[in-house]
Amino acid sequence: MNKFTLMIGGPAGSGVLNAGLGMFAKTCMRNGLKVFTKAEYPSLIRGGHNFLTITVDEENVYSHSNEVNLLIALDKLTVENHLDEVKGGIIYDTSSFTVELPEEILNFGIPLKKIAEEYGSVLYRNTVAIGAALRLIGLDLTELEKIITEKFSKKGQEIVDSNIKAAKAGYDFVKGRQFPFMFVRKETENRILLNGNDAVVAGAVKAGCKFISAYPMTPATSVLTGLASVSRDYNIIVKHTEDELASINMAIGAGFAGVRAMTCTSGGGFALMAEGLGLAAQAEVPVVIVESQRPGPGSGMATRTGQGDLNFMLNASTDEFPRVVIAPGDVNECYELTQLAFNLAEKYQTPVILLLDKFLSTSCSSVHSFDKKVKIERGKVVTEPGENYLRYKITPDGVSPRTLPSTPLGEHVTSSYEHNEKGVEDESKENRVAMHNKRYKKFETMADELAEPKLIGEGEFIVVSWGSTKGIVREVRKIFNNDGDDFCHLHLAVLSPFPKGVFEKIKGKRLVIVENNKTSQLSQLIVIQTGQKVDHRILKYDGRQFDPEILADGIRNVMATGKEEVVC
Amino acid sequence: MADEHKLDRGTPGWCPGCGDYMILAALKRAVLELGLKPENVVVVTGIGCGSKINHFIKTYGFEGLHGRALPVASGIKLANDELTVIAITGDGDAYGIGGNHFLHSCRRNLNITYITQDNSIYALTKGQTSPTSSQGKKTNSTPFGVLEEPINPIALGILTGASFVARGYSHELEHLTELIKNAIIHKGFSLVNVLQYCPSMNKQNTLEFFKENVEKLTGNNISDKGEAIMLAERKDKLPIGLFYQVEKPTYEEGEPQISETPLVKQDISNVDIGKLLKKFE
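Note that the protein sequences, when read in sequence, are chains A and B. When you line the first sequence up against the working numbering, it's residues 1 to 568, in that order. When you line the second sequence up against the working numbering, it's residues 1 to 281, in that order.
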């Protein structure tokens, strides 16, 4: 196993995220290595402390690591904050600040600012450092030079040349220096490097999404802006609305008119959409809602991660009604399950929530370029409804044939009031029960079609994850397997309708629930849905994701001591 | 004159004498006289007595949430710009809970028509103040009189960018029919604020009150914004008619995505995302 983590840190606005991701991570990927990146940053435009870790592996890598093997520090604060984590060396800017390093840390001090200015701009600091880092891990500059050319050619040849020279200067500066992490270029595959939000955008475009109306809110904003950036390539209307109330209602209007429509937000914006969620359920209109969680309540922590909105998604809005809640666990699932979300929304004429979190939304993985296509299913849309058409006809599967505006004889009112089969307000006891049952019947039909979650690994313990903790648990299994140990991993990507087959899989086993909240909301769901006892909970709610090494210790701890709850 | 009964559906349960009957008749006549096919018309409403109107006109209808008719109507129009989209709500819906959408819809200038049933009262909830209730008016949520000044929907519409701004009166049926027809014909966001007689909940704005105060606009210059606002601000009378109209590009005209084919008719069966993925390679 050859695994290495680079961290690059500096104040907001210093370009560390772009340089780390766009230059270093991409260069590694194009050299045939597997990459996972994690960004931490405060909600600021300038200043503060931003950092990005890039974990590089010859084998598949599913999450970040808490060990930093090479730190690139653009400011002193980065060294002070992360010195404890470094097991390897530090590249820091000797022309801007001085630091004292313990002996065991390799000192790769470089006058980054000075060199950068020699090539024309202090902005090239990052490039100098990246050039040096690549040499230290044994890679040459061929791929980086291509990347720089692609990235900056629009800005002119001079910028391209200066960046390449700056990278070369960094590369040359560490000539002859030894570093214990060495990689060799591997045969490259058709791979892409992208984060969860990027993959949702790709999935939405692939699924034929034609409309998004949304209001910016971290960490969901890049779904809106990502679709905006390709809107004219793919004929998608992107509407930045006046507020989230407009976002959800506009998407519902577009869905009613017959296009695949979505919105995106975080928990605070979703709170404003709650009434619209109920409208979509009652009126039976398809809509996809992406919610990327951040810690709350209120404004909470805009740029940190958490999984505290599960119960909210399962219960938001008035009364009771079925809604689909899908929580992709990684970049591939973001792509595939977004396509599933659009199918379910249209087939079952229902709101579908895609639940992400900041960690998944902003962490990049190198994956096989997307080629898997989910078949597009648009459900019961009728073009010749005939006389006496009933919009909300009660059918064996609960799904009524739908007409789109412009269909002759299909005229009806799509209504948020309780209505009869015609769509006319009807508050009779019999009608209310029949319609309430009908809406739930659709859900039963849907549950039968969804794939059962898979149980992976062996052992008496089942570690259960949902959402972005999937990758962390997978990485933990690698750590266990290296020690000749194992456990079962059950990942729940669909949380509502609750997947079939879970009860049979967990019955009599010892469950370890892993999630980013305090009250273990998944445990609550499992107890309600299966009646099985949850033995152990490993929780983290400080706004940061589990480090796999820490989670591995947590799992060993509960296995050894039988502790009910461990907070990381 | 069109026989509006061709578009009948169901039986309204409004109070006898309610202005909603007149607005419904004017709407049906306008749709028929313009030769619109019922299947190509969508009437979007919110919540209130008058928002039940789409149950009684045989077109497509969407009866949504209180305050949210305009966003739904906007989504429908953007998804299928070949449809005639008409939003109809009361004054509370339009200028109170949905006020933000009203402002932004005016400046957005989608080619949709917005008819507001303005009876200056919350009638369905039995008599509370609305954004257009006059100052000092006693209602059951303001038993000691309204402290705020009323909103002037006409002036507000003109100032926030609506490209067709008119006021009608429910009991001037032919005049109202013409206004609605012209609003539908107008390319852009058209507002028809309808002064509506409420026989049950508004004892101040009686038929006599309207008879005395309503006055048809004649000879006004509809392209003069300043004049339009002056007329809208008149306190002595309630002018009805077209205050302001301007030709300008609609929102959808700025979207080349739908310049040839409405979104709803575009093929989505096999989208090639190669170009999108390129930047991630």
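Please keep in mind that the hints were generated in silico from the structure rather than gathered at the bench. Bear in mind that the values here come from a model prediction, so they are computed numbers and not experimental data. Errors might be hidden in some of the hints.
Distance windows between CB atoms, simulated [what the hints assert, rightly or not]: (1) A:PRO216 to B:ASP267: 29 to 39 angstroms; (2) A:LEU44 to B:ASP236: 47 to 57 angstroms; (3) A:LYS518 to B:ILE185: 29 to 39 angstroms; (4) A:LYS518 to B:GLU281: 35 to 45 angstroms; (5) B:GLU82 to A:THR225: 45 to 55 angstroms; (6) B:LYS265 to A:PRO216: 47 to 57 angstroms; (7) B:ASP267 to A:ALA434: 33 to 43 angstroms; (8) A:PRO396 to B:ASN152: 50 to 60 angstroms; (9) A:ASP371 to B:ASP267: 15 to 25 angstroms.
Derived DMTMM-like pairs: lysine to aspartate or glutamate, alpha-carbon spacing no greater than 20 angstroms straight-line [unchecked claim]: (10) B:LYS187 to B:GLU208; (11) A:LYS347 to A:ASP448; (12) B:LYS279 to A:GLU143; (13) B:LYS278 to A:GLU189; (14) B:LYS6 to A:ASP243; (15) B:LYS275 to A:GLU565; (16) B:LYS58 to A:GLU387; (17) B:LYS265 to A:GLU384; (18) A:LYS373 to B:GLU39; (19) B:LYS278 to A:ASP371; (20) A:LYS151 to B:GLU281; (21) A:LYS347 to B:ASP267; (22) A:LYS375 to B:ASP272; (23) B:LYS279 to A:GLU145; (24) B:LYS58 to A:GLU143; (25) A:LYS375 to B:ASP267; (26) A:LYS380 to B:ASP267; (27) A:LYS380 to B:GLU39; (28) A:LYS34 to B:ASP267; (29) A:LYS372 to B:ASP272; (30) B:LYS275 to A:ASP233; (31) B:LYS278 to A:ASP426.
Even glycine gets a Cβ: it sits at the ideal position worked out from N, Cα and C.
Quick check: which numbered hints come out false for this structure? 3, 5, 6, 10, 14, 15, 18, 24, 28 and 31
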